[in-house]
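Protein chains in written order, with the numbering used here: chain A, 1 to 132; chain B, 1 to 132; chain C, 1 to 77; chain D, 1 to 77.
A couple of the hints might just be wrong.
[Claimed, not checked] Here chain B is said to cover these stretches of chain A; the calculated rule only asks that three of the stretch's residues, wherever they fall, bring their Cβ under 8 Å from a Cβ of chain B:
{"hint": "1", "stretch": "48-54"}
{"hint": "2", "stretch": "57-70"}
{"hint": "3", "stretch": "79-85"}
{"hint": "4", "stretch": "117-123"}
[To be verified] Only pairs whose alpha carbons sit at most 30 Å apart, straight line, appear in this in silico BS3-like list of lysine-lysine:
{"hint": "5", "chain 1": "D", "residue 1": "10", "chain 2": "A", "residue 2": "74"}
{"hint": "6", "chain 1": "C", "residue 1": "31", "chain 2": "B", "residue 2": "123"}
{"hint": "7", "chain 1": "B", "residue 1": "74", "chain 2": "C", "residue 2": "31"}
{"hint": "8", "chain 1": "A", "residue 1": "124", "chain 2": "A", "residue 2": "74"}
[As the list claims (entries may be wrong)] Partial selection, computed: residues in chain B whose CB lies under 10 Å from chain A:
{"hint": "9", "residue": "13"}
{"hint": "10", "residue": "15"}
{"hint": "11", "residue": "23"}
{"hint": "12", "residue": "30"}
{"hint": "13", "residue": "33"}
{"hint": "14", "residue": "54"}
{"hint": "15", "residue": "69"}
{"hint": "16", "residue": "82"}
{"hint": "17", "residue": "83"}
{"hint": "18", "residue": "86"}
{"hint": "19", "residue": "97"}
{"hint": "20", "residue": "130"}
Calculated from the structure, these hints are not laboratory results.
From the three backbone atoms N, C-alpha and C, an ideal C-beta is built for every residue, glycine too.
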Amino acid sequence: MDVLISIKETITVQEALDFIQSPECGGEVIFTGTIRNHTKGRGVVKLFYECYEAMAISEMHKIADHVKAQWDIKKLAMLHATGDKYPGDIAVVIAVASAHRGIAFDACEYTIDTLKETVPIWKKEFFEDGRD
Amino acid sequence: MDVLISIKETITVQEALDFIQSPECGGEVIFTGTIRNHTKGRGVVKLFYECYEAMAISEMHKIADHVKAQWDIKKLAMLHATGDKYPGDIAVVIAVASAHRGIAFDACEYTIDTLKETVPIWKKEFFEDGRD
Amino acid sequence: MGILLFGVAKDIAGTPKMDLPEHISDVGALKQWLYNHYPALMQLSSMMIAVNRSYATDGQAITAADEIAVIPPVSGG
Amino acid sequence: MGILLFGVAKDIAGTPKMDLPEHISDVGALKQWLYNHYPALMQLSSMMIAVNRSYATDGQAITAADEIAVIPPVSGG
């Protein structure tokens, strides 16, 4: 399994698509998380993503190792953005390519679910009403 | 739920992403089906996709209606290519946007699974060995 | 409107379009007629008939005014 | 190497970095020391300690040479 793991200021869906593209694979599943303009009913101005980068990269590799052990996945890209992000910006992209679509869905959902549980990245929300 | 349904010669992931993009949604799940360079161990030169277009569009709308009734999905794009397709080309794109990622995965997988069962599109495979 | 044939059904019948045979008035009878005239169709894992762009059951009535289609196993995606 | 603090743990402690307190030799003791000095940390739904970039259990030994981090509930994605 080929793996692309990256944490940086700006990420794009295209770089993930380019990485997972392979004529050996027939099914690709991509998850993108974008900044919403509201959360729990409150207007969001921006989010700030803080990251413990060295450990975050290490935890992302652990997720990739687990995916590799559990499913026959050919390519896995995990990208996360950091810094100030505004509504509509992309915060995270997970992209999986496999010969079989069922396991591509499973692996993609496992990856984003686990990333949200274990990878040391924190978002701070800035609301329109100015309160924390 | 906003729906984009299209059957045409060439489709792109970007047009699906552009359609489902919304600052109200936080999670997008995209499935792409690409032409593989082999199937069942045989080298593939190209595929030809034939379509009963009027009925295919109608069946795709039925799938969209079912998605709308079953899940809280904001945007759904279903694109299918026709004609000659070569390894690496995109045959189908399903893109779903929702506030909640779990149902976006469910709706996307349901949509591609059902499309493959009910939508009148047929692929003809042309192999390297020249046999049917 | 007549009968449209797609995919391998078109290859087996050797034509993409034919008129509804006389005395055929429902989907079940049409399938039987097709199997009688093109026995290779029986080798398909499924053969659905669509009437006016919707899948139809055997009991559905058909006339020459309907858009009828022979749908072999689909393989989109 | 000392202790790194992130997210709301950094806000509560008022600093992104501190030295390992003297006489603290395992993760459990560090957590207790942090709760004693910054009681607001007890309001977090979880507080993990990472040692050398891996999540650590309470029994894990730590020294001033380790890279230690205070990890409040993560919220990436």
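**Prompt:** Hey, residue 10 of chain D versus residue 74 of chain A, does the alpha-carbon distance stay inside 30 Å?
**Reply:** Violated, at roughly 39 Å.
**Asked** Would the hint on residue 83 of chain B stand, with a C-beta cut-off of 10 Å toward chain A?
**Response** Violated. Min distance 18 Å.
**Message:** Take the shortest C-beta to C-beta distance between residue 82 of chain B and chain A; is it under 10 Å?
**Reply:** Cβ of residue 82 of chain B sits 18 Å from chain A, so the hint is violated.
**Message:** Is the interface hint satisfied for residue 69 of chain B? The criterion is a beta-carbon contact with chain A at less than 10 Å.
**Reply:** violated, 21 Å
**Item:** Proposed interface contact between residue 130 of chain B and chain A, which counts if any beta carbon pair is under 10 Å
**Value:** Violated - the Cβ of residue 130 of chain B stays beyond 10 Å from chain A, reaching only about 20 Å at its closest.
**Prompt:** With a cut-off of 10 Å, does the beta carbon of residue 97 of chain B approach a beta carbon of chain A closely enough for the hint to hold?
**Reply:** Since the shortest Cβ distance to chain A is 8 Å, the answer is holds.
**Request:** Establish whether the coverage given for the stretch 48-54 of chain A by chain B is satisfied; the threshold is a Cβ-Cβ distance below 8 Å, and no fewer than three residues must meet it.
**Result:** This one is violated; 0 residues, fewer than the three required, reach chain B with a Cβ under 8 Å.
**Message:** So if I understand the rule, the pair passes when the alpha-carbon distance is 30 Å or less; does residue 124 of chain A with residue 74 of chain A pass?
**Reply:** violated, 34 Å
**Request:** Check, residue by residue, whether the stretch 79-85 of chain A contains three or more positions whose beta-carbon lies closer than 8 Å to a beta-carbon of chain B, and give the verdict.
**Result:** violated (count 0)
**Request:** With chain A as the partner, please determine if residue 15 of chain B meets the hint condition of a C-beta pair closer than 10 Å.
**Result:** violated, 13 Å
**When the least beta-carbon distance from residue 23 of chain B to chain A is tested against 10 Å, hint result** = holds, 4 Å
**Prompt:** Under a C-beta cut-off of less than 8 Å, do 3 or more residues of the stretch 117-123 of chain A approach chain B closely enough to confirm the stated coverage?
**Reply:** With 0 residues closer than 8 Å to chain B, the stretch 117-123 of chain A misses the three-residue bar; violated.
In the structure shown, a violation is registered for the earlier hints numbered 1, 2, 3, 4, 5, 7, 8, 10, 14, 15, 16, 17 and 20, in ascending order.
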